[in-house]
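Chain by chain, the residues run as shown.
There are 2 protein chains.
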Amino acid sequence: MAEAITYQPIGWVESPFTDIEGMPIQPTGAADIDGTIHLEPAFVAGLKDLEGFSHIIVLYHLHRCTGYALEVVPFLDTTPHGIFATRSPKRPNPIGLSVLRLVNIDGAQLHVQGIDMLDGTPVLDIKPYLPAFDSPAAERIGWFAPQIDRAASTRADARFR
Amino acid sequence: MAEAITYQPIGWVESPFTDIEGMPIQPTGAADIDGTIHLEPAFVAGLKDLEGFSHIIVLYHLHRCTGYALEVVPFLDTTPHGIFATRSPKRPNPIGLSVLRLVNIDGAQLHVQGIDMLDGTPVLDIKPYLPAFDSPAAERIGWFAPQIDRAASTRADARFR
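Here the protein sequences come in this chain order: A and B.
Residue numbering for the first sequence follows my numbering, beginning at -10 and increasing consecutively.
Residue numbering for the second sequence follows my numbering, beginning at -10 and increasing consecutively.
Please keep in mind that the hints were generated in silico from the structure rather than gathered at the bench.
For every residue, glycine included, the Cβ atom is placed at its ideal position computed from N, Cα and C.
Take these hints with a grain of salt, some might be off.
[Stated by the list, open to error] Residues from chain B shown here face chain A by an in silico Cβ test under 7 Å; the list is partial: (1) T(-5); (2) P(-2); (3) G18; (4) K37; (5) I84; (6) V88; (7) I94; (8) G96; (9) D114; (10) Q136.
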């Protein structure tokens, strides 16, 4: 078995969502939801020049998930899929990824839009979003294809609590 | 200080790169580089239906990085930028993100293209790549703007070893 890997949160998310139930399931359903990333003050120098980017990739710990499942019925479907073929939070390593609009930076606070995270979520990393690196043309999106149009309006229920 | 977060790798990357120096710096410079993700056999059920996706998001631990820097001079520039405004591996939490082409899955082995990871890299998570979730239109890409065309041909040197 490989060695365990330990990370220390670099900050946390302030969001209007205190419960999974009723949340947008992706930033696409949260375009007008404002939130704030509070960076640990020790890391503020690491934000230099980030304000030049319209979007950031945020990696975070899905801290309210306990345990994982290898197959889940995701919010957008009624049949089970392998966990790695879904964006469900009940993953072996519960790391969330959201591409958010960066509104502005004020000291250690990043004001963002598109928040689909719970209030208090620990942040692991922030990266500049670059379409040339992060957005290949995808020919196939598997089981999502007939469901994707509902993603923006679908809200979470309690299944992954 | 927030609590530390511990993850267990779910697999590892087999790649032709055994040294950082000379590597492509992003999948965009490694489109024809084949590699294999070896998933721990215990997680194979989690791959169900993943083969329907042309691309996957892979999160991994940048295991050869030691320590971090808050400002770095990235491969694509000659002046320093905050670490969170770069894709440099010397991050407080050294988590890498690559969107790779999924060629096929054979049991616990995922054959992929676009490998910009070192051989032996521990894998933390695999997610289906969905343009509707992961590819907003970005108006601004900060300091990358004048450099981005060189990204596919730029190779890493030893600076982040």
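Can you name, in rising order, the numbers of the hints this structure does not satisfy?
Structure breaks hints 3, 7, 8 and 10.
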